[in-house]
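A.B. asks: Using the sequences and the hints given, assemble the complete structure.
So the sequences go chain by chain: A and B. In terms of our numbering, the first sequence opens at residue 1 and continues consecutively. In terms of our numbering, the second sequence opens at residue 191 and continues consecutively.
Calculated from the structure, these hints are not laboratory results. Beta carbons are placed, not taken as given, at the ideal position from N, Cα and C, and that holds for glycine. Some clues are possibly wrong.
[Claimed, not checked] Under the rule of at most 20 Å between Cα atoms (straight-line distance), these lysine to any residue pairs were calculated in the SDA-like manner:
| # | chain 1 | residue 1 | chain 2 | residue 2 |
| --- | --- | --- | --- | --- |
| 1 | B | Lys-545 | A | Ala-158 |
| 2 | B | Lys-256 | B | Arg-528 |
| 3 | B | Lys-545 | B | Arg-535 |
| 4 | B | Lys-298 | A | Gly-35 |
| 5 | B | Lys-298 | A | Ser-29 |
| 6 | B | Lys-545 | B | Val-372 |
[What the hints assert, rightly or not] Incomplete in silico selection of chain A near chain B, CB under 10 Å:
| # | residue |
| --- | --- |
| 7 | Leu-27 |
| 8 | Val-30 |
| 9 | Phe-38 |
| 10 | Pro-50 |
| 11 | Ala-53 |
| 12 | Ala-54 |
| 13 | Ala-63 |
| 14 | Ile-64 |
| 15 | Asn-135 |
In case you want the letters, here they are:
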Amino acid sequence: MAELLFYLLSLGAIGFGIGVIRTHMPLYSVLSLLGTFFCLAGIYLLAGFPFLAATQLLVYAGAIMVLFLFVIMLLNLGDRDELNRQTGVALSGPRLAAAGICAGLLGLAGLIAAGWGGKVTPTEAVAAGGVDRLNDIAEVLFGRYMLPFEAASLLLLATMVGVMSLAKRQRGEETEAGDTGWPWHKGVEQ
Amino acid sequence: MSLPLHLAALAAPRSATNQINDFLTGVKPDFVPDWALPLTTALISVGIAVAIISLVAMSGTWLERKVSGHIQCRYGPMRVGWHGWLQPIADGVKLLLKEDMIPLGADKPLYLLAPALVLASILGAMAVFPLAPDFYFADIDLGIFTILALTSTTTIGVVMAGWSSNSKWSLYGAMREAAQVVAYEIPLGISLLVPVMVAGSFNLLEVSNGQAGGFGVLNWYIWPWVNPFMGPAFLLFFIAILAETKRAPFDLPEAESELVAGFMTEYSGIRWSFFFMEEYAAMFLYCVVGSFFFFGGFESPLTSLARATDVHLLVQVAAAVTIIAKGYAGLFLMMWLRWTLPRVRIDQVMTLGYKYLTPLALACVLGASVWEVFLAPVLPWR
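C.D. replies: In structure tokens form, the structure reads like this:
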């Protein structure tokens, strides 16, 4: 049953992933992305990482909602043709070939990695010591990987502050020039 | 066919799911194939969860109307049954018979899917919610974390509903919901860290067990002698759950005086009632979470008395009565506040969430951890 679920979820993840770039409606894109993350959460759960699965849901459900807000606020939704040009990727020969080559390389890498560590099925990954106890995760995160963990959070903070200051400066300059300050409002009647 | 090892471990041996499975294995006739067993078990478990949610929603709507009525010096529903207690059933029949309308410009698949998604996330959260010490579906380490993760996905359903309705009111409601819920999830999660730190666990059952003793009252985490930062943390938690469940004064996503009915403006009939069920179920669920993490969970004088008699069933019943009573007390408080406080503006909501609640919650966690590390070990009563 676990195997069947695994393949179903994997197919779902890939299908939704294609949906993200194929659809013309921004909301469908957002929801497809969400579907991908849900399928991944299911795979994590199957592999014996409920904490990772729950984190996936908790973080991305919120994050994707923010993305949705961006979609609504940043895109000029009144103009349907404009929208179609901005989102959605048409499948063409070269693109398909590129995607195929990428997928093939990834698959090859996966095969090599699997061959390196011996064959591991999703159910066996757990027996090999899946981290499903919270205490274990905490020990690893705040013990062995304390420094990288804190460094990553500092990096995120720096990025956030940087984005804020950049956005503020841009807004200030352009407001002086008589614009609304937002680049996506250029040429739009207010 | 059995579940894989680790998934079976998620459903602890005494869980209701496994008990149902064992019972079904015992009575299964030979002609029934093996794969039907887990399926039937799952269906029965889901049925129980749906029944609980429906009961909560029905009693919730009745209570809401009665409480609102009495606060406004009127009776509320009085015609159907004694003090109108059958009113929710009459309403349910009415909603079932009502036409299920779909606006012409609506995005049909999303429009139809949204109410189901909203209800499904609450159903999923019910799985980790124990009704009595020995009645639960999954006893997992991640208890509260799972509940937060699953209930946060209701936003997606609401946004889908708002977008697909093709109505400006719905879209405004959905955008407010997205902004508001994402903002208040942060203080909600952080304020819950304080009791989690004291209990040393995410698991609702373990948190409840950690508050045992002291006549069933004195060891509740809310008391300042356990940790003085618990009171402020609870206040933050309560404000955050008001915003999370879209209750007044944070009912901006529905805001009936400005947005008609917000994200559910275009819905009618049974689909509309799904949103209502979700709202009441979420309110009850969060209130129960609050009582687990701050007000003793299953522990009360009643439970202590039942434990003294040493009858297993009596303890279970007393614990269930305790938690349900605490949940409804929280529900009552939320309804009371609805008729006490005026609705705030969306910018005030955002300011409160990001500029005040989040830093305050972080300060609470910092203070509580200092207390836990340095003072708690030397306190004689801890």
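A.B. asks: Give a verdict on every hint.
C.D. replies: Going through the hints against the structure:
1. B:Lys-545 with A:Ala-158: Within the cut-off at roughly 19 Å; holds.
2. B:Lys-256 with B:Arg-528: holds, 13 Å
3. B:Lys-545 with B:Arg-535: Holds. B:Lys-545 to B:Arg-535 sits at ~15 Å (cutoff 20 Å).
4. B:Lys-298 with A:Gly-35: Distance ~18 Å between B:Lys-298 and A:Gly-35 Cα, so the pair holds.
5. B:Lys-298 with A:Ser-29: holds, 16 Å
6. B:Lys-545 with B:Val-372: Roughly 14 Å between the alpha carbons, so the hint for B:Lys-545 and B:Val-372 holds.
7. Leu-27: holds, 5 Å
8. Val-30: holds, 9 Å
9. Phe-38: holds, 8 Å
10. Pro-50: holds, 6 Å
11. Ala-53: Holds: closest Cβ of chain B sits about 8 Å from A:Ala-53, inside 10 Å.
12. Ala-54: Check passed: Cβ of A:Ala-54 comes within 4 Å of chain B, closer than 10 Å.
13. Ala-63: holds, 8 Å
14. Ile-64: Interface hint status for A:Ile-64: holds (7 Å vs cutoff 10 Å).
15. Asn-135: holds, 9 Å
In terms of the numbered hints stated before, the structure departs from none.
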